[in-house]
Amino acid sequence: MAQKLWDSHVVSSTPEEPDLLYVDLHLIHEVTSPQAFEGLQLAGRRVRRPDLTVATMDHNVPTRGGLRAADEQSRRQMELLAENCRREGIPLHQIGSRRQGIVHVIGPELGLTQPGMLIVCGDSHTSTHGAFGALAFGIGTSEVEMVLATQCLPQNRLRDLAVNVDGALPLGVTAKDLVLGLIGRTGISQGQGHLVEYRGSTIRALSMEGRMTVCNMSIEWGAKAGMVAPDDTTFKYLERRPHAPRGAAWEAALDHWRTLDSDPDSVFDHEISVDARELEPHVTWGTNPGQVAPVTGRVPSPHSETDERALRYMDLRPGTAFADIAIDRVFIGSCTNARIEDLRAAANVVAGKHVHSSVRAMVVPGSTSVKKVAEDEGLDAIFKAAGFEWRNAGCSMCLGMNPDILAPGERCASTSNRNFEGRQGSGGRTHLMSPPMAAAAAITGHIVDVRELL
Amino acid sequence: MEPVSKVAGRMAPLDLADVDTDQIIPKQFLKRIERTGYGPFLFYDWRAKGDFVLDKPEHKGASVLVTGENFGCGSSREHAPWAIKDAGYHAIIAPSFADIFRANCYKTGILAVTLPDRQVRHLIDLASEDPAAEVTVDLEKLEVRGQGFAYHFEIDSFAREMLLNGLDEITLVERHAPAIGSYESQRPAWLPSVR
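Chains A and B are the protein sequences, given in the same order.
So the first sequence is numbered by our numbering: it starts at 2 and just counts up by one.
So the second sequence is numbered by our numbering: it starts at 5 and just counts up by one.
Any given hint could be a false lead.
Cβ-to-Cβ under 7 Å is the rule here; a few derived chain B residues that face chain A [said to hold, decoys possible]: (1) 21; (2) 22; (3) 39; (4) 40; (5) 49; (6) 103; (7) 104; (8) 162; (9) 174; (10) 177; (11) 183; (12) 196.
Note that these hints are calculated values from the structure, not bench results.
Being a predicted model, the structure only gives us computed values, none of them experimental.
The beta-carbon is built from N, C-alpha and C at its ideal position, and this holds for glycine as well.
Bound-form chain A, shown alone (with noise of 0.2 Å):
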């Protein structure tokens, strides 16, 4: 499917120069674009297709107080995205909006991420959006400008790996588990080079939000896009979203988004086999997200340097069973775990019970319309009541560029896709895991096995 989605998009091969792809959407916020904007007006260029990019405030918006709340800096790449966007006509969903919120939930929850699409943004998460069966990526500010410019990449076409994935999962076990477990087995490297595809009964039966949580962690195994190829459950997440084709051009895109699903005899450059039925609720113990294992067992006696360094900077000795590890903070939010999805299944652990007396806990809704939907649902209700704070959208503690940061020393189970040292706060110490396992470790106080709570 990937060579597939590769060959629509290209303009022009040659065997000189990398192939040239020509971008569908183009997603940018506050962080990786001043310099970007910068380089075209300093080369008196301008946006080629304002109305195929789309921008939003997400990476340092502070998740209380508004705009007035961040600092200085912040404040400043902010107004400065605002005024690039008013000059060159790029839609801006700004702080304060409706429409606001993390860049890879509002490209979904807003229809605008689609079937056979190619969709770039100056961010490595990009991925996540291959989870519609899309070829997406991140990448850098010059590319940024180029796309600016020209609303192409040139790009070296990449291997092929499939991911196959076949069983039920069992209770208690999520998306998030599911790829906690691959980058487990795969290290953090292995996918480099490569457009992965996921497919398997297991990703046929996860939801939208599911197939978004896998992909987006693409990038973590190395990989720069993750697909799943589109079906019924894709279409029917898309139909009558604010930009999904409606009528008669639904029908045509429908026909054709039929065409792309995975053919059974692709041939890929590798393929990796998971057994769903097997896996437990994985928790990070290390540094990078290949640092992980199941919440049943036990921190692991190091097999590397990087593993002894890893063991250093979080404080934890090897043969600590997870459980005895307390937790200071919990985050639930980031481009991985904050869909509607992962607040339920958050909410549905914390309904009736009490945040532990030494956590502070905090839910930080994907957007400005997840965290809507989540109050007409009575959601923010259980978390408050728990003793949550009920924040609003952004990246927030995922790379603790706002306000929202661990202190040094501080331990943090976190729905977000990154435990590289200092990434939620300088010194601070993080463990990822999915939602439902996040909102157990606000309970008990401690990492916990979330099957103990159901």
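Place chain B on chain A using the hints.
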């Protein structure tokens, strides 16, 4: 961009695998709106702890960073190569790089060169034992050479062309304007357009 054909100088050995972009340039420094001035913030948290290898007097002024596999994994922030270049490193040698990071290096004019483990190990050991040892990363001859050795490397031929000639890639793509226009006119009508 300035043409780059070779980088010659001393090496700084960063003997670690999987160095991520959050370490190269922590997020609090991504709030700047310029492309320059990131050098002082390179590896900020590691340097703040003191005794960081790149800060050792014998490695000051090095222009070639030699490091472990999967260098630059994580985010797409181009601020990472900007910081590396700003701090004076114009070439990076490693057994492998994260894809987006390597592409960003080329755009920034940094020679990101892949060599086999064994050769990288030799360079790291050499830099540690003899910090004054010099190497030349030669993009024209496709080799890394020093006293008594010359290692051949492969690099994407288009990236090499761009670097050697200091070409503006956008200008090159703009030459394809007719093809772009023709592709554009045939895109299906149902594709989203936001007005």
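Hint-by-hint comparison with the structure:
1. 21: holds, 5 Å
2. 22: holds, 6 Å
3. 39: holds, 5 Å
4. 40: Residue 40 of chain B check fails; min Cβ-Cβ to chain A is 10 Å, beyond 7 Å.
5. 49: holds, 5 Å
6. 103: holds, 5 Å
7. 104: This interface hint holds because 6 Å falls under the 7 Å limit.
8. 162: Because about 5 Å separates residue 162 of chain B from the closest Cβ in chain A, which is inside the 7 Å limit, the hint holds.
9. 174: Constraint on residue 174 of chain B satisfied, holds at 5 Å.
10. 177: holds, 5 Å
11. 183: This interface hint holds because 5 Å falls under the 7 Å limit.
12. 196: Holds: closest Cβ of chain A sits about 4 Å from residue 196 of chain B, inside 7 Å.
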